[in-house]
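Chains as they are written, first to last, in the numbering used here: chain L, 1 to 274; chain R, 1001 to 1259.
Honestly, I wouldn't trust all of these hints.
The following label-pair restraints were derived from C-beta to C-beta distances [stated by the list, open to error]:
id : chain 1 : residue 1 : chain 2 : residue 2 : range
1  : L       : Glu77     : R       : Asp1213   : 41 to 49 Å
2  : L       : Gly65     : R       : Pro1194   : 41 to 49 Å
3  : R       : Leu1250   : L       : Ser169    : 44 to 52 Å
4  : R       : Asn1258   : L       : Glu230    : 33 to 41 Å
5  : L       : Pro173    : R       : Arg1254   : 49 to 57 Å
6  : R       : Ser1037   : L       : Asp172    : 55 to 63 Å
7  : R       : Tyr1220   : L       : Glu77     : 32 to 40 Å
8  : L       : Gly65     : R       : Val1023   : 49 to 57 Å
9  : R       : Asp1213   : L       : Gly47     : 49 to 57 Å
10 : R       : Arg1254   : L       : Glu221    : 26 to 34 Å
Calculated directly from the structure, the hints in this document are not laboratory data.
Keep in mind that this is a model prediction, so the values were computed, not measured.
The beta-carbon is built from N, C-alpha and C at its ideal position, and this holds for glycine as well.
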Amino acid sequence: MDTILEIKNLRVEFKAQSSGQAKKVAVDDLNLKVYAGEVFGFLGPNGAGKTTTMNVLLGFVNATGGEAFLFGVNVREPIARQRIGYLPELTYYYKFLTAEELLRFYAKLFRIPSAETESRIQHLLKLVELDHARKRPIKTYSKGMQQRVGLAQALINDPDLLILDEPTSGLDPLGRMKVREIIQRLKNEGKTVFFSSHELGEVETVCDRVAIINQGQLKVEGRVADLVEEHQANLEMIFLKIIGYQAQSAARLSSEPPLVTNRKAEVRQTALQP
Amino acid sequence: MNTVCALASVVIKELYRRKDFYVLFVMTALITLIMGSVTFFNDPKIARYLKEICLLLVWVSGLVIAIGTTARQIPAERENRTIFPLLAKPVTRGQVVIGKFAGCWFACGLALVIFYLFFGVISGTREGKWPLVQYFQAFWLQYAMVGVVVALVLLGSVLFAAPSSNATICFIVVVGILLLGRHLNQVALNQTEPLRTMVYAIYFLIPHLEWYDVRDFVIYDQGTIGWIDCFLATLYAAVYVALLLFATWLAFRRKPLNV
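Isolated chain L, as found in the complex:
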């Protein structure tokens, strides 16, 4: 199977905010491989290093150590991004442009011929169900529509690899379902999708493999079905266990003063149990 994305011993450090503080290690010795045709879920709590890893892959941040490759090309080369599509988290696209103007602009950056650009715009606006709003300025779009136009721009170059940073963040259930359907459709078309999400149910539904990182370190990597079988729990429980939530919460509970009523204590204990 072809390796589409490869991360080797990646380390990213950020300068200390003040002179007394130590450097912040955002990613620590990360190794990862994503193969052609896979939908790969990249999971971790907030601040785990997911977005930083994606920023390295996209050339926004330089790695302190290690290397990353897309299609065998070092991510430091702009040409490595020729065959990828990227959907960032919560982006407010150029408000004064319409959806089709926005897509035409991004198509120009890929030097896609005009005739092909028009047919791709037609296809993508139908795919993301924005055909009816194609001539409206983006400033009139709802949050869900903006996220879908973002997905369309990520697909304008017919990419072989899609990198999605929390694609369903801030969307209502219907919006989430639509984005999930699109990812599923892309998977069926044989595209490779690498995405981060906090919606673990959704990850379990669409992903072939997942990696969970915490404090910049890779904690677990494997097929979703294998992980579920191995841990005898759903992905959410596995995630909470791996990031040490149970241990933390138990320690916190034992150090806290007793709750006002026994009933409240029962409710809290029940809520924390797997």
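Fit chain R to the known structure of chain L by using the hints.
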């Protein structure tokens, strides 16, 4: 080149879809027309005053459009996070800087063309003369100066955190150069060391934008400027634009993209 043109086209679209340009143009036109309709003391040379006011408004509007449009370009990309999908394409930060410059400069050029057409029509109808070469030179030199201003503001937009502070600082610097730039060497002569050397250094370092202000030539019909002088002035502006854009790229190259 394709990438630079694509980036520039978005900036131009932004200019003509925002209200700034229309407001400034209507304001300039209204003030000029009102002034033109009044006859002070039956002075036959009233057209000169009219030209002076109109050109002053064109200069002020040109600077406001150039500084206002350029100051928000890169900060808005970062604030709205559009810089992420943009740089995720095969686009370098250098191309972003050049594309933004080209877009802002071209957009300002379009605005200046409209302002000068209006000026030409107003002064032509009042004076019955059409010195087109003179008008073209005045337009071209102002356009070259706007190029330096745009490059300066673009540099400011990667150095200063807020577009408003950048716009204010750049406006003060540009107006300062236009008003005081030519006198700095005389100011230096009256100073003691080391202030004298410092003022001289500033005099030789700053782009002398005041050289591009040929309004008096147009107002008092002093004829045209030599084409060689125009060419040298354009070359001087081009050198400053290149230096400022290089400095912008150096600053933007390592700048974190998050606000």
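Each hint tested on the structure:
The supplied range of 41 to 49 Å is met by Glu77 of chain L and Asp1213 of chain R, whose beta-carbon atoms lie about 46 Å from each other. Distance hint check for Gly65 of chain L and Pro1194 of chain R: the Cβ-Cβ separation is about 46 Å, which falls inside the suggested range of 41 to 49 Å. A C-beta distance of roughly 34 Å is found between Leu1250 of chain R and Ser169 of chain L, which places it outside the suggested range of 44 to 52 Å. At roughly 37 Å, the beta carbons of Asn1258 of chain R and Glu230 of chain L sit within the given window of 33 to 41 Å.
Here the CB-CB span from Pro173 of chain L to Arg1254 of chain R is close to 41 Å, at odds with the stated 49 to 57 Å. Here the CB-CB span from Ser1037 of chain R to Asp172 of chain L is close to 58 Å, well matched to the stated 55 to 63 Å. Distance hint for Tyr1220 of chain R and Glu77 of chain L: a CB-CB separation of about 58 Å, inconsistent with the stated range 32 to 40 Å. For Gly65 of chain L and Val1023 of chain R, the Cβ-Cβ distance of about 53 Å falls inside the hinted range of 49 to 57 Å, so the restraint holds.
Range check, Asp1213 of chain R to Gly47 of chain L: Cβ separation about 54 Å, and the 49 to 57 Å hint holds. At roughly 32 Å, the beta carbons of Arg1254 of chain R and Glu221 of chain L sit within the given window of 26 to 34 Å.
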